[in-house]
Every structure is written in C-alpha cells, then in structure tokens.
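A.B. asks: Chain by chain, the residues run as shown.
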Amino acid sequence: MSNMVNLTINGIAVSVEEGKTILEAAEKLHIKIPTLCYHKDLCVAGNCRVCVVEQVGNNKLVASCAMPVSEGMEINTNTLKVRNCRKHIIELLLTEHNEECTKCYRNGHCELQELAAEYQITNQDFIDLVPDKSYTVDRISPAIEKDDSKCIRCQRCVRTCAEIQSVGAIAVAHKGSEMKISTVFDRALDEVVCTNCGQCIVHCPTGALTEKSYVEKVWDAIADPETHVVVQTAPAVRIGLGEELGFDPGTRVTGKMVSALRRLGFDSVLDTDFTADLTIMEEGTELLTRLKRALVEDDPDVALPMATSCSPGWVKYIEHKYPEYLPNLSTCKSPQQMFGALAKTYYAKKIKVDPQNIVSVSIMPCTAKKYEANRPEMKDSGYKDVDFVLTTRELAVMIRQAGIEFEKLNDESFDSMMGTGSGAAVIFGATGGVMEAALRTAYEIVTGREVPFENLEILPVRGLNGVKEVSIKIEGTLDDWKFLEGVELKCAITNGLENAHQLMDNIKNGDRFYHFIEIMACPGGCLGGGGQPYPVDNDVRLKRMQAIYNEDSDLAIRKSHENPEIVQIYKDFLEEPLSHKSHKLLHTTYVKREQY
Amino acid sequence: MTTTKKQLHRIDLIFKNEQDCKEILRNALARSNQEVINEMVNSGLKGRGGAGFPTGLKWKLTAEQKVDEKFVICNADEGEPGTFKDREILTRVPHKVLSGMAVCAKIIGARKGYIYLRGEYKFLVPNLKKELRRFHDILDELGLDFRVEIFMGSGAYICGEESALFESMEGKRGEPRNKPPFPTEIGYLNKPTVINNVETLAHSYTILKYGAKKFRELGVKDSRGSKVFSVSGDTPIPGIYELELGMSVQDFVDDFGDGDTKAVQVGGASGFLVPRKRFGKTSIGYQGKLTGISLPTGGSMMIFNSSRSMYNVLNNYLDFFEEESCGQCTPCRVGCQQLLKGIKAVKRGEKPASYLDKLLKLTDTMKLTAKCGLGQSVANSFSSIVENFREEMIY
Numbered sequence: 000m001s002n003m004v005n006l007t008i009n010g011i012a013v014s015v016e017e018g019k020t021i022l023e024a025a026e027k028l029h030i031k032i033p034t035l036c037y038h039k040d041l042c043v044a045g046n047c048r049v050c051v052v053e054q055v056g057n058n059k060l061v062a063s064c065a066m067p068v069s070e071g072m073e074i075n076t077n078t079l080k081v082r083n084c085r086k087h088i089i090e091l092l093l094t095e096h097n098e099e100c101t102k103c104y105r106n107g108h109c110e111l112q113e114l115a116a117e118y119q120i121t122n123q124d125f126i127d128l129v130p131d132k133s134y135t136v137d138r139i140s141p142a143i144e145k146d147d148s149k150c151i152r153c154q155r156c157v158r159t160c161a162e163i164q165s166v167g168a169i170a171v172a173h174k175g176s177e178m179k180i181s182t183v184f185d186r187a188l189d190e191v192v193c194t195n196c197g198q199c200i201v202h203c204p205t206g207a208l209t210e211k212s213y214v215e216k217v218w219d220a221i222a223d224p225e226t227h228v229v230v231q232t233a234p235a236v237r238i239g240l241g242e243e244l245g246f247d248p249g250t251r252v253t254g255k256m257v258s259a260l261r262r263l264g265f266d267s268v269l270d271t272d273f274t275a276d277l278t279i280m281e282e283g284t285e286l287l288t289r290l291k292r293a294l295v296e297d298d299p300d301v302a303l304p305m306a307t308s309c310s311p312g313w314v315k316y317i318e319h320k321y322p323e324y325l326p327n328l329s330t331c332k333s334p335q336q337m338f339g340a341l342a343k344t345y346y347a348k349k350i351k352v353d354p355q356n357i358v359s360v361s362i363m364p365c366t367a368k369k370y371e372a373n374r375p376e377m378k379d380s381g382y383k384d385v386d387f388v389l390t391t392r393e394l395a396v397m398i399r400q401a402g403i404e405f406e407k408l409n410d411e412s413f414d415s416m417m418g419t420g421s422g423a424a425v426i427f428g429a430t431g432g433v434m435e436a437a438l439r440t441a442y443e444i445v446t447g448r449e450v451p452f453e454n455l456e457i458l459p460v461r462g463l464n465g466v467k468e469v470s471i472k473i474e475g476t477l478d479d480w481k482f483l484e485g486v487e488l489k490c491a492i493t494n495g496l497e498n499a500h501q502l503m504d505n506i507k508n509g510d511r512f513y514h515f516i517e518i519m520a521c522p523g524g525c526l527g528g529g530g531q532p533y534p535v536d537n538d539v540r541l542k543r544m545q546a547i548y549n550e551d552s553d554l555a556i557r558k559s560h561e562n563p564e565i566v567q568i569y570k571d572f573l574e575e576p577l578s579h580k581s582h583k584l585l586h587t588t589y590v591k592r593e594q595y
Numbered sequence: 000m001t002t003t004k005k006q007l008h009r010i011d012l013i014f015k016n017e018q019d020c021k022e023i024l025r026n027a028l029a030r031s032n033q034e035v036i037n038e039m040v041n042s043g044l045k046g047r048g049g050a051g052f053p054t055g056l057k058w059k060l061t062a063e064q065k066v067d068e069k070f071v072i073c074n075a076d077e078g079e080p081g082t083f084k085d086r087e088i089l090t091r092v093p094h095k096v097l098s099g100m101a102v103c104a105k106i107i108g109a110r111k112g113y114i115y116l117r118g119e120y121k122f123l124v125p126n127l128k129k130e131l132r133r134f135h136d137i138l139d140e141l142g143l144d145f146r147v148e149i150f151m152g153s154g155a156y157i158c159g160e161e162s163a164l165f166e167s168m169e170g171k172r173g174e175p176r177n178k179p180p181f182p183t184e185i186g187y188l189n190k191p192t193v194i195n196n197v198e199t200l201a202h203s204y205t206i207l208k209y210g211a212k213k214f215r216e217l218g219v220k221d222s223r224g225s226k227v228f229s230v231s232g233d234t235p236i237p238g239i240y241e242l243e244l245g246m247s248v249q250d251f252v253d254d255f256g257d258g259d260t261k262a263v264q265v266g267g268a269s270g271f272l273v274p275r276k277r278f279g280k281t282s283i284g285y286q287g288k289l290t291g292i293s294l295p296t297g298g299s300m301m302i303f304n305s306s307r308s309m310y311n312v313l314n315n316y317l318d319f320f321e322e323e324s325c326g327q328c329t330p331c332r333v334g335c336q337q338l339l340k341g342i343k344a345v346k347r348g349e350k351p352a353s354y355l356d357k358l359l360k361l362t363d364t365m366k367l368t369a370k371c372g373l374g375q376s377v378a379n380s381f382s383s384i385v386e387n388f389r390e391e392m393i394y
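In the order they appear, the protein sequences are chains A and B. According to numbering that gives the first Met the number 0, the stretch in the first sequence is residues 0 to 595, in order. According to numbering that gives the first Met the number 0, the stretch in the second sequence is residues 0 to 394, in order.
To be clear, the hints were calculated from the coordinates, so they are not data collected in a lab. Hints may be right or wrong, so weigh each one.
[Unchecked claim] Taking lysine to aspartate or glutamate pairs in the EDC-like style, the calculated list, with each CA pair at most 16 Å apart, reads:
1. B/121 - B/87
2. A/86 - A/131
3. B/59 - B/169
4. A/383 - A/404
5. B/212 - B/169
6. A/86 - B/391
7. B/171 - A/162
8. A/132 - B/322
9. A/179 - B/322
10. B/343 - B/363
11. A/59 - B/87
12. B/15 - B/87
13. B/213 - B/391
14. A/80 - B/363
15. A/542 - A/124
16. A/320 - A/131
17. B/343 - A/185
18. B/346 - B/390
19. B/350 - A/124
20. B/343 - A/504
21. A/86 - A/99
22. A/31 - A/127
23. A/132 - A/146
24. B/208 - B/356
25. A/291 - A/479
26. B/21 - B/184
27. B/59 - B/87
28. B/343 - B/391
29. A/583 - A/593
30. B/360 - A/574
31. B/350 - A/117
32. B/111 - B/169
33. A/591 - A/113
34. B/357 - A/124
35. A/132 - A/98
36. B/212 - B/22
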C-alpha cells in the first residue's frame with residue numbers, strides 16, 4: 000500500500016495517498032474547488048488558474064489541480080485572497096470571450112457561464128478585448144464547428160486530440176495575446192487530419208467546439224407534408240439520452256425515446272440495431288471468407304487481421320495514418336450507412352413511398368457520423384443514403400423544444416421492419432460489442448453450437464481497458480468449415496485512437512498477430528462518443544456500459560442471425576451475405592489521405 | 000560625478016584572461032564530490048539569472064538523485080530587456096563556463112551538457128564550436144566522459160524560463176511546466192537536470208580557482224560575490240561591469256548616471272523601477288524576501304534621466320510582455336493585455352485615474368496566481384512605476 004499523507008483543508012484533516020493533488024484531497028472532503036482546464040480524462044495542465052488555493056507558508060497561491068499534497072500541508076480554499084483572485088481570473092477569461100451567451104450553442108451547458116454565475120460577475124469593468132481580436136469561426140466541416148471567440152485556451156481539446164486520440168489535429172499556435180488553438184497552417188478542420196470524432200467537443204468547457212447542428216433541417220423535413228421522415232437510433236443513444244433529460248447516467252430510456260420520436264413527428268421510428276445485426280451477418284461472413292482464402296487457398300493477398308469499419312472516426316484515422324492497411328478494413332459500411340442505403344431501397348418499396356420523398360435521419364452518439372453521411376461514397380441507394388445526422392444531444396434539444404415531458408412518457412416499441420435488433424446489436428454501443436456480437440454468430444455458424452461462454456457473455460472483450468485480447472479455439476466444426484478445425488482465432492479490441500495507434504504499431508512491427516480486430520475511435524466505444532451528453536469521465540462511461548449490457552441480457556433474441564427481420568431481409572431482398580445486392584448497397588471503399 | 004565620492008569597486012574576476020582551465024579542472028575533478036559541493040555551498044553563490052537560487056544546493060539536490068541519466072544545461076537564452084552580459088561572457092571566457100559545466104557534470108553524474116543559446120546569438124556559434132572542440136580535447140585528456148552541445152533557441156523570451164526551456168529542447172512548444180517537480184528531480188527529458196545561468200557557471204570557475212572564502216569576501220550577507228551588470232540607458236558609460244553585490248542604487252547612480260538620473264530599472268522589464276527618492280534606501284542583492292529594499296537582478300540596470308516619460312517606459316515593457324507571455328495561463332495572457340490596454344485607456348481619458356488602482360489589484364492577482372516567473376513578475380515593474388509616477392500615467 001502506498002504512503003498516506005496527512006494535511007488539512009479549511010482546517011479539516013484529511014489523509015490521502017502520496018502523489019495525489021490538493022484538488023483530489025479536497026474532493027475526498029466534499030469541498031468543491033472550481034476548475035476549467037482540469038479534466039479527469041486528461042493530463043494536468045494547470046493553466047486556467049481558477050483552482051488556486053492558499054497554502055499556509057507559501058506567499059503565492061497554488062494551483063490545486065497540479066500541486067501534489069505533502070505532509071502537514073495546510074490549505075485554505077475559501078479565503079478572501081483566494082476568492083478575489085478567482086474572481087479576477089474569471090473576469091479576465093470573460094474579457095477575451097465572446098459573451099453573447101444567449102446566442103451561444105452551449106448556452107446553459109457552459110462551464111465558464113456556470114462559474115461566472117457562481118461568482119456573480121455582474122459589474123465587469125475590465126476592457127472588452129474581443130473587438131480587437133481577429134477571431135475566426137470555422138463552419139466548413141459537416142461535423143464540427145470551431146468558434147475561436149468562445150475559446151478560453153484551456154487546451155482540453157488539444158490534450159484530448161493528442162493524448163486520447165493520438166491525432167493532433169488541433170494544437171496551440173502563437174504566443175501572448177495572439178495565442179490560439181489552431182490546425183496545421185490554420186486550415187479548416189475539414190482539411191486536416193481531424194477524424195471528426197468529437198472528443199474535443201465533449202471535453203470543451205465552452206461553446207468553442209460544437210457539433211454542426213442539423214436540428215432545424217430535421218424540423219423542416221418533419222414539417223413538410225410531402226416527405227416521409229425515417230429515423231434510426233444507434234444503440235448508445237438509448238443509454239445516453241436520459242442524461243440530457245433529467246436521468247442519472249446509465250439509465251436506459253429506449254421506450255421513452257421511441258415514444259418521444261413519434262411525438263416529434265417522425266413518420267417511421269426504426270432502429271440502427273437492425274443494421275447492426277446485418278453488419279454482423281455481412282462482416283462475419285467477410286471474416287470467414289478471408290480466413291478461408293488465407294487458410295485453404297493460401298492466398299497471399301488476403302489482408303489479415305480484418306478490422307471493423309463501424310466507427311467512422313477510426314475509418315478516417317486509418318485513412319490518414321495507416322493507409323497501407325486499408326485492405327484490412329472490412330468493406331462493410333457502418334450500420335448507419337447500411338440502414339440509409341436500405342431505407343431508400345428495401346424499406347421504401349415495402350412502405351410504397353417514392354425514395355425521393357424519403358428523408359432519412361439518424362440519431363447517433365457520434366459526430367463523425369455526420370461526416371460519414373456526407374462521404375461521396377454513401378449514395379448507393381441512388382440518393383444521399385442518410386440525409387441528416389443528429390447527435391444524442393441534438394435529439395434532446397428537439398425533445399425539449401417540442402415541450403415533451405420526457406420522464407412522463409410511456410415506453411413504446413420501434414416500428415416493425417428494420418425496427419428490431421438483437422442483444423448482439425445493442426452491445427455495438429460498447430467497446431468490444433462488435434467483437435462479442437460477431438463471435439456469437441460466427442462461432443455458431445462454424446460449429447453449430449453457441450460460443451463457449453456462460454450466458455453468451457464474452458467477458459474478456461468487455462471493459463474500458465485500452466487493448467483487450469481474446470483468443471478462441473475453434474473445435475467441432477461443421478462440414479463446410481473443417482478448414483477452421485483447431486484454429487485459434489486471435490482477436491483484439493481497442494477503444495480510443497491512441498490505443499488504436501498502439502495496436503496498429505504492434506501489428507505493423509510484427510509484435511502481434513490477430514485475425515480480427517475491433518477498433519472504436521472513442522473511449523469506451525460509442526457510449527463515450529463525441530455526440531453523447533457532457534460531462535463525461537470513466538465513472539459515467541462505466542454506468543453507460545452497464546446499461547448497455549443490461550439491455551442485452553434483457554432481450555429475448557441475443558444473436559444477430561436469430562433476428563427474424565434479418566432472416567426476412569435476406570429472404571426477401573438481399574438473398575445472402577456478400578451477395579451482389581449486398582455488395583452494391585452494404586459495402587464500400589476507402590481512400591488514402593494526407594498524413595497531417 | 001562628485002569627486003569626493005569613492006568610485007564603486009570594479010572587480011576583475013570573470014573577464015580576467017586566465018588560460019589555466021585544464022589545471023583548474025584537473026584539481027576540481029581530483030577533489031571529492033562532497034568537497035566541491037561544500038565549496039560551492041560555502042561560497043554563497045546564488046543563481047545569476049536573477050532568481051537567486053543557491054547554486055551549491057542545486058548541484059547537491061541533483062547529485063542526490065539516484066538516476067542514471069542526468070544533464071547539465073547552461074541557460075544562455077539571455078532575453079531580459081537590457082541584459083547583454085552573458086553574450087560577453089560567452090564571447091570572452093567561454094572556457095570558464097564550460098569548466099563550470101564539466102565540474103557540475105562530474106558531481107551530479109551527467110555525461111551530456113547543453114548550451115541553450117538565444118536565437119539572436121547565432122553569431123556566437125562558430126567561435127563556441129571552436130572552443131568546444133578544444134574543451135572536449137581537454138576533457139578527453141583528463142578522462143572525463145562529458146560532452147557539451149549547443150542548442151539554438153528560436154527567439155521566445157519565455158524559453159529562458161527553465162522548464163519552458165526544457166520543453167523547447169524536447170521539441171515541444173516552449174511553455175513553463177507545473178512546479179513541483181523541480182528540475183533537480185525532473186528536468187530535461189524528465190531527468191534530473193542542473194540548469195544554471197551563463198554567469199553562474201563562470202563564477203563557479205572563480206570559486207574553484209580561488210576558493211569559496213575569497214568569493215565570500217565580496218558582497219554582503221545573503222548576497223555574496225560579484226555580479227556582472229549590463230548598464231544601459233541615460234549613462235555616459237554604458238557597458239558591462241563586474242561589481243560587488245550589495246551596493247546601493249545611489250552609489251551606482253553616482254558612478255554611472257549622467258547627473259540627471261530620475262529612476263533606475265533594476266532587473267530589466269521583469270524587475271523594479273527605483274525612483275530617485277529611494278536610491279539611497281535600495282541596494283542590489285538578494286534578500287530572503289522581495290522587500291523593495293534589496294533588489295535582485297539578472298544584471299540589467301537601465302538608467303532613465305528626467306527627459307524620459309515613465310508612461311512610455313511602462314508602455315514599452317507591457318508591449319513586450321503582452322507579446323512574450325507564452326499565453327497558456329490566464330492571469331499572464333489576459334492580465335498583460337488588460338494592463339497594456341488599461342494604461343492606454345487611462346492616458347486617453349477613457350478610464351478614470353482610479354482605474355489604475357484596479358490594475359494594481361490585478362497585478363497582485365497576477366503575482367499570486369501566474370504559473371511562472373514571467374506572469375508573476377509583470378507586477379514588479381507595473382506597480383513600482385505606477386505607484387511612483389502615477390501622475391505621468393494620467394497626464
């Protein structure tokens with residue numbers, strides 16, 4: 000056990016492990032110290048200085064987020080000196096900040112606004128610095144907007160992009176009064192290595208980084224009597240949405256969400272889980288085909304490991320950073336895009352609506368999905384497959400605008416046809432979920448038996464660890480799959496692009512060999528996506544994760560291939576996995592992109 | 000200058016032409032580490048960059064770290080406005096600086112040293128390189144496994160701050176780190192590092208040659224030894240002078256002023272302005288606390304006569320800080336902008352004179368909360384100028 004250090008905070012004794020900070024010690028005493036640049040996910044910066052406290056014997060104030068505790072330390076968090084300094088610092092931040100709060104996208108969700116309210120900054124008489132700044136607003140990306148006039152230079156986004164995501168699309172440029180968060184050569188986010196993952200948005204304390212909102216466009220579509228508006232909702236939305244609408248993290252609100260979507264006026268309320276199951280059928284078959292080519296035909300061109308392609312942030316990352324591995328990426332579209340392609344073909348025909356009158360909307364825990372829907376490849380239905388992508392947060396905005404008392408809603412079920420998903424589909428929302436779902440199906444296809452894990456729960460693939468590995472020995476294969484007899488199927492799962500970067504380097508260096516890897520761009524997988532409610536940290540992620548797995552275990556159908564709508568669509572329309580029609584609608588191609 | 004006044008004692012230690020560095024090194028390397036550390040501690044030498052941390056203690060703390068890889072860095076990023084003495088030391092007696100680095104390296108257990116050279120001092124490089132080759136030959140002869148490289152800075156003032164300097168050397172943006180940990184534990188490449196100013200290292204040569212006792216004889220309590228001053232401004236004899244610490248500003252002005260001295264800026268833009276009425280009460284040196292009675296300096300002494308507008312002087316400093324703040328911490332980045340814009344607004348009559356008091360309170364906050372010495376010390380010149388020349392700020 001590590002050494003304990005004794006100190007007092009505001010006269011109250013506390014004992015914490017050596018190496019902890021004053022801020023962490025105060026948290027233990029339930030003494031709140033305001034912070035802005037501090038975030039539990041990130042390394043300590045200590046640059047906003049809002050968290051300063053007084054240390055007896057030190058003639059300067061100390062940043063509690065950065066100062067380690069020491070034996071006998073006496074700290075005061077609420078002296079006149081501290082309060083005056085803190086107030087000054089908040090005032091200073093406000094003078095550089097565009098204070099048009101009522102016109103701000105983050106109005107009501109802004110940490111700076113909260114602090115200003117808490118410290119009653121009402122008679123600001125420092126000079127407003129904004130008019131002399133040449134702040135720019137970048138609205139070019141279809142996914143992320145960056146408004147420098149709202150930025151408080153806390154660098155949470157910079158640390159997120161570098162540490163969690165290993166992307167480095169944004170960094171600090173210039174110094175002194177000119178210092179700003181910028182991109183390479185000050186290009187638009189859409190023109191650099193940015194993966195659109197939106198983790199910067201989730202970690203931004205103000206309105207400097209936000210999703211591009213399509214709420215108004217969706218309202219327009221709903222209001223248009225000529226259009227049939229189809230909505231799909233991703234697995235992670237149902238366990239995140241509640242946080243925006245008065246529920247605790249980890250509350251499952253699937254039924255209420257469906258009910259709210261109907262009340263908003265969507266004509267068809269469907270489920271991305273359906274195409275998550277479809278992804279498993281296509282991707283699982285693709286994996287088995289690749290394995291057959293490698294093991295039976297000795298084809299040297301077959302690319303292994305096969306990597307999942309559900310996460311558009313990951314897809315753009317590999318396009319930028321590891322383009323030589325693009326053949327390894329599954330050709331399957333993400334569930335969102337499979338859904339989009341089917342909504343304007345199969346579904347349109349079923350409901351007898353001209354696909355050009357269909358507006359296809361998706362609700363995603365993700366900002367990269369906005370980019371993905373705008374990729375030129377995503378028009379296989381003959382139309383734009385997915386017209387508008389809203390984040391979980393944007394859906395909450397619509398629900399509030401519509402005056403729906405969310406917590407009072409009754410549970411309702413998705414429409415039938417493309418509205419049913421298995422438990423295997425739900426777990427797509429958590430890191431390891433695609434792997435678990437794929438194994439549940441693939442193992443059964445190959446052996447005719449369920450995966451050898453109790454209650455179908457493949458525990459090694461679950462959890463927040465950076466890189467998870469699992470290997471399953473395939474035994475007792477059916478006749479068609481004899482070539483897999485005795486093969487040890489090696490798989491790896493990562494979440495967060497920094498971990499992906501490490502995994503890919505391990506593969507590239509030959510340190511590791513796998514058959515199949517699942518990579519999700521965001522920490523925790525989609526449940527921790529860039530479109531999910533803020534604030535987020537690992538506690539929140541774990542609660543959301545538990546909700547996902549509860550949702551799975553409560554469902555009767557927990558394997559993709561047993562989803563009756565999946566069986567039906569292959570019978571009615573697609574014929575079989577990797578069929579000609581599947582290839583046309585459900586698979587895609589990738590492009591090599593610049594390194595920076 | 001009145002003839003009755005005794006001229007300040009000019010010291011000739013640092014620039015003395017001594018070519019015996021091989022002997023000095025041989026002797027120093029032959030002594031035990033503890034002996035040399037004691038010598039350094041007893042000398043009372045404090046960091047000559049301006050912050051005044053005891054050099055012997057710095058070496059001792061770094062020597063105590065049980066880590067394989069350590070570094071010695073010579074901070075030659077001389078960027079404080081009005082300071083130009085390190086340039087002269089590196090030009091005239093680079094071997095003394097290198098000798099100091101080598102002895103330090105032996106004591107702490109470093110095999111690698113760097114001179115972090117101010118970007119604008121690029122012209123020194125050819126000469127320094129020649130000197131380095133000569134010096135490395137001597138080290139080989141003496142059997143000390145130590146090499147020094149030159150690392151070029153790129154012109155940011157903040158990179159003279161030691162932890163920003165490390166960041167810059169590591170290829171990152173030059174921004175100060177949180178302290179603790181201090182460089183003696185976690186410095187360049189997260190290894191224990193001694194980082195000393197050029198002059199400090201040159202003084203260590205003097206101490207090793209003549210002994211701590213001789214060094215201590217110079218100066219006063221808390222402020223031992225001599226110091227190289229960069230004298231500029233309204234003086235008939237600008238230049239570089241080695242003087243004893245502890246002198247009063249009055250004595251300094253008597254020697255260097257033009258007879259019409261209104262104020263002296265001690266320690267450059269980040270130092271204090273001493274008005275005429277306080278010349279006699281203020282001395283140059285380090286005391287436990289900054290009292291305004293004893294002022295430290297990295298060597299910059301700027302003399303202003305009565306033709307100078309103190310508003311322009313302050314405006315000039317604030318322009319500098321507003322641009323040279325790294326920009327990461329709020330009090331420094333925004334505080335400097337507010338101070339600069341604030342004094343302009345008062346001057347133009349857009350803000351009342353009482354706004355100066357609000358700005359003075361702001362400098363208190365900057366002093367208490369800024370992340371590094373830059374932001375903390377903006378208050379020095381601001382408050383000493385505004386408090387002593389308030390009317391010049393307004394009218």
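A.B. asks: A separate judgement is required for each hint: does it hold in the structure or not?
C.D. replies: Here's how the hints hold up against the structure:
no. : hint          : verdict
1   : B/121 - B/87  : holds, 13 Å
2   : A/86 - A/131  : violated, 23 Å
3   : B/59 - B/169  : violated, 25 Å
4   : A/383 - A/404 : violated, 33 Å
5   : B/212 - B/169 : violated, 39 Å
6   : A/86 - B/391  : violated, 30 Å
7   : B/171 - A/162 : holds, 14 Å
8   : A/132 - B/322 : holds, 14 Å
9   : A/179 - B/322 : holds, 13 Å
10  : B/343 - B/363 : violated, 20 Å
11  : A/59 - B/87   : violated, 35 Å
12  : B/15 - B/87   : holds, 13 Å
13  : B/213 - B/391 : violated, 46 Å
14  : A/80 - B/363  : holds, 10 Å
15  : A/542 - A/124 : violated, 44 Å
16  : A/320 - A/131 : violated, 38 Å
17  : B/343 - A/185 : violated, 31 Å
18  : B/346 - B/390 : holds, 10 Å
19  : B/350 - A/124 : holds, 10 Å
20  : B/343 - A/504 : violated, 55 Å
21  : A/86 - A/99   : violated, 20 Å
22  : A/31 - A/127  : violated, 29 Å
23  : A/132 - A/146 : holds, 13 Å
24  : B/208 - B/356 : violated, 51 Å
25  : A/291 - A/479 : holds, 11 Å
26  : B/21 - B/184  : violated, 30 Å
27  : B/59 - B/87   : violated, 28 Å
28  : B/343 - B/391 : holds, 12 Å
29  : A/583 - A/593 : violated, 28 Å
30  : B/360 - A/574 : violated, 77 Å
31  : B/350 - A/117 : violated, 28 Å
32  : B/111 - B/169 : holds, 15 Å
33  : A/591 - A/113 : violated, 43 Å
34  : B/357 - A/124 : holds, 9 Å
35  : A/132 - A/98  : holds, 14 Å
36  : B/212 - B/22  : violated, 20 Å
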